[in-house]
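Peer 1: Please arrange chain U on chain R, whose structure you already have, making use of the hints.
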Amino acid sequence: MVDGGLWAIPLLVVLLGVLGYGTAAYSSALRSRGAGTSWVGAFGTPGREVARLLLGQRNIVPGSDVLLARIGTALLPLAAIMALLVLPFGTRAITDMSVGVVWFNAMEVFSWVAVWMVGWGSNSAWGLIGANRFLAQGLAYELPQMFSLIAVGVGAGSLNVSEIAAAQGTLWYVVSMPVAFLMFLISAMAFAFWGPFSQAVASDAAGGAATQLSGVDRLVFLVGRYLMLTVASAMAVPLFLGGDAGPLLPGWAWILIKTVLLLAVMVWARHRLPTIRIERFTELSWVILMPLTLLQALVVSIFVLIGWM
Amino acid sequence: MLVVETTIFGISALASVAAGIAVFRVNSMARATFALLASFILAAVPILLLGLTFLGVIVILMMIMEMMIMLVFMIMYMMNPAGLMPMKMVHNNKMSFIISVSVFVILAVGAVLTPWPRFGAPSTVDPTQMIGLDFMGPHMLVMVVIGLVLFATIVSVVVLAQARGRYDRYGDDLRTRPPNDPVRTGLGR
Chain R
1 MVDGGLWAIP LLVVLLGVLG YGTAAYSSAL RSRGAGTSWV GAFGTPGREV ARLLLGQRNI
61 VPGSDVLLAR IGTALLPLAA IMALLVLPFG TRAITDMSVG VVWFNAMEVF SWVAVWMVGW
121 GSNSAWGLIG ANRFLAQGLA YELPQMFSLI AVGVGAGSLN VSEIAAAQGT LWYVVSMPVA
181 FLMFLISAMA FAFWGPFSQA VASDAAGGAA TQLSGVDRLV FLVGRYLMLT VASAMAVPLF
241 LGGDAGPLLP GWAWILIKTV LLLAVMVWAR HRLPTIRIER FTELSWVILM PLTLLQALVV
301 SIFVLIGWM
Chain U
1001 MLVVETTIFG ISALASVAAG IAVFRVNSMA RATFALLASF ILAAVPILLL GLTFLGVIVI
1061 LMMIMEMMIM LVFMIMYMMN PAGLMPMKMV HNNKMSFIIS VSVFVILAVG AVLTPWPRFG
1121 APSTVDPTQM IGLDFMGPHM LVMVVIGLVL FATIVSVVVL AQARGRYDRY GDDLRTRPPN
1181 DPVRTGLGR
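Chains as they are written, first to last, in our numbering: chain R, 1 to 309; chain U, 1001 to 1189.
Just chain R, with the same shape it has in the complex:
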């Protein structure tokens, strides 16, 4: 469907936005069902929230670092869009970079900068607590995530996302590298401070990093968060789920179906799993996830050496 070219960028951003809206709508529908109210109306909730935020007044605390807060707010959606550049949709990505996986990770890490800037710039203790929570959490999952990306790169013999998708053939990496897949899903949720990893913006810190955001600033920040979640889910498709491979339907349809399914898993995780405290997740990550992903990379390397992959 998309065959490179600059015009693909706005198209993919709109598509990403639609998927993000769907995620938010599904999430609020689940919440309404849990609360016993009509879930049909909940599908309009994100739209109403957008209208409310657009009309809402910007709230600036005296002494806040407005420059950093504004840059951080804008950086979150920008980072997601930059990450989108290497996402293959159809035959190839907008920029089919030879080191697409590394680029994707570098753009994801910009969310650390963005969230920290927003939290710091709010001139609020809660904002700073949320910002530092996000960094501590980031340090815990980034290394295992890198090891799972290394496993994928070694397995495919390439860091180019389209080549990784093509290299999977009949056996998708979700089957041959389940630990790496799980770790990637964890990091996808964590980069978007989503579900169990939402302590950076949790209510126990009065909204954490986003505590002082209001009006259009909050809207841009939240849009960035949903774009981040969506682009990471979409990236899991070429990395672990065989890209556009699938019977009967055209390739782009399969990419969409797989992305939507992954997003549904994310929403499910948000509503079923409790928020995990940073200090608990940190130990869990360093003691369990890190050795597991290292083993995963080792197993994949051995498979490659003896010619099984």
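Hints may contain errors.
What the hints assert, rightly or not - Sample of chain R residues with no beta-carbon within 10 Å of chain U, all distances over it, derived:
id: 1; residue: Val-61
id: 2; residue: Ala-106
id: 3; residue: Gly-138
As the list claims (entries may be wrong) - Which bits of chain R does chain U cover? Going by a derived footprint, with three or more residues having C-beta under 8 Å, they are:
id: 4; region: 97 to 105
id: 5; region: 207 to 218
id: 6; region: 275 to 281
Don't read these hints as lab results, they were simulated from the structure. For each residue, glycine too, the CB sits at the ideal point set by N, CA and C.
Peer 2: Then chain U, alone, in the frame of chain R:
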């Protein structure tokens, strides 16, 4: 193509220097750190222009991660309340001026006097691979030693920084289970 590359190089080089100057002109530790981060990211652009895509993107990735860690430490260790107040970013002006100017002159002279290859046939080997082979081939021993030293430094710094040792956690006979921690950890070890 050369014009485009030269323009990109010029813009990123000037912007990198400007961001570097901004580090010392702003009055907040957070702004100074982000100015430095911007300078480093712009410095990765020439690496990308050299065709070292992997190294260039890795530099961006690593610089973001390391500057975000440094930011927390810098703000923690500042003399004024945790770096939260506006502060001056320069001190020891005369000596720093001398050191920075001489280092700049040495590096600039080195860059100008180095006999760079000119008008040769473009190399057919991937430059990233060549750098990797250079590091991992003849200099492997040095790299392994550096790696071990760095790792030992990290471990010893963490051990030294620990306020509570194992006797605080597990008791005098190291038998208290679960450990006596102020906050329960993830695995309850």
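Peer 1: State for each hint whether it applies.
Peer 2: Here is what the structure says about each hint:
1. Non-interface status of R/Val-61 relative to chain U is upheld: no Cβ of that chain comes within 10 Å, the nearest being about 14 Å off.
2. For R/Ala-106, the condition that its CB be more than 10 Å from all CB atoms of chain U is violated, with the nearest at approximately 4 Å.
3. Non-interface call for R/Gly-138 relative to chain U: violated, since the shortest CB-CB distance, roughly 8 Å, does not exceed 10 Å.
4. With 6 residues having a Cβ less than 8 Å from any Cβ of chain U, the region 97 to 105 of chain R passes the three-residue criterion, so the hint holds.
5. With 0 residues having a Cβ less than 8 Å from any Cβ of chain U, the region 207 to 218 of chain R misses the three-residue criterion, and the hint is violated.
6. Chain U is given as covering the region 275 to 281 of chain R, and this holds because 3 residues of the stretch bring a CB closer than 8 Å to a CB of that chain, at least three being needed.
This entry does not satisfy hints 2, 3 and 5, going by the numbered hints stated previously.
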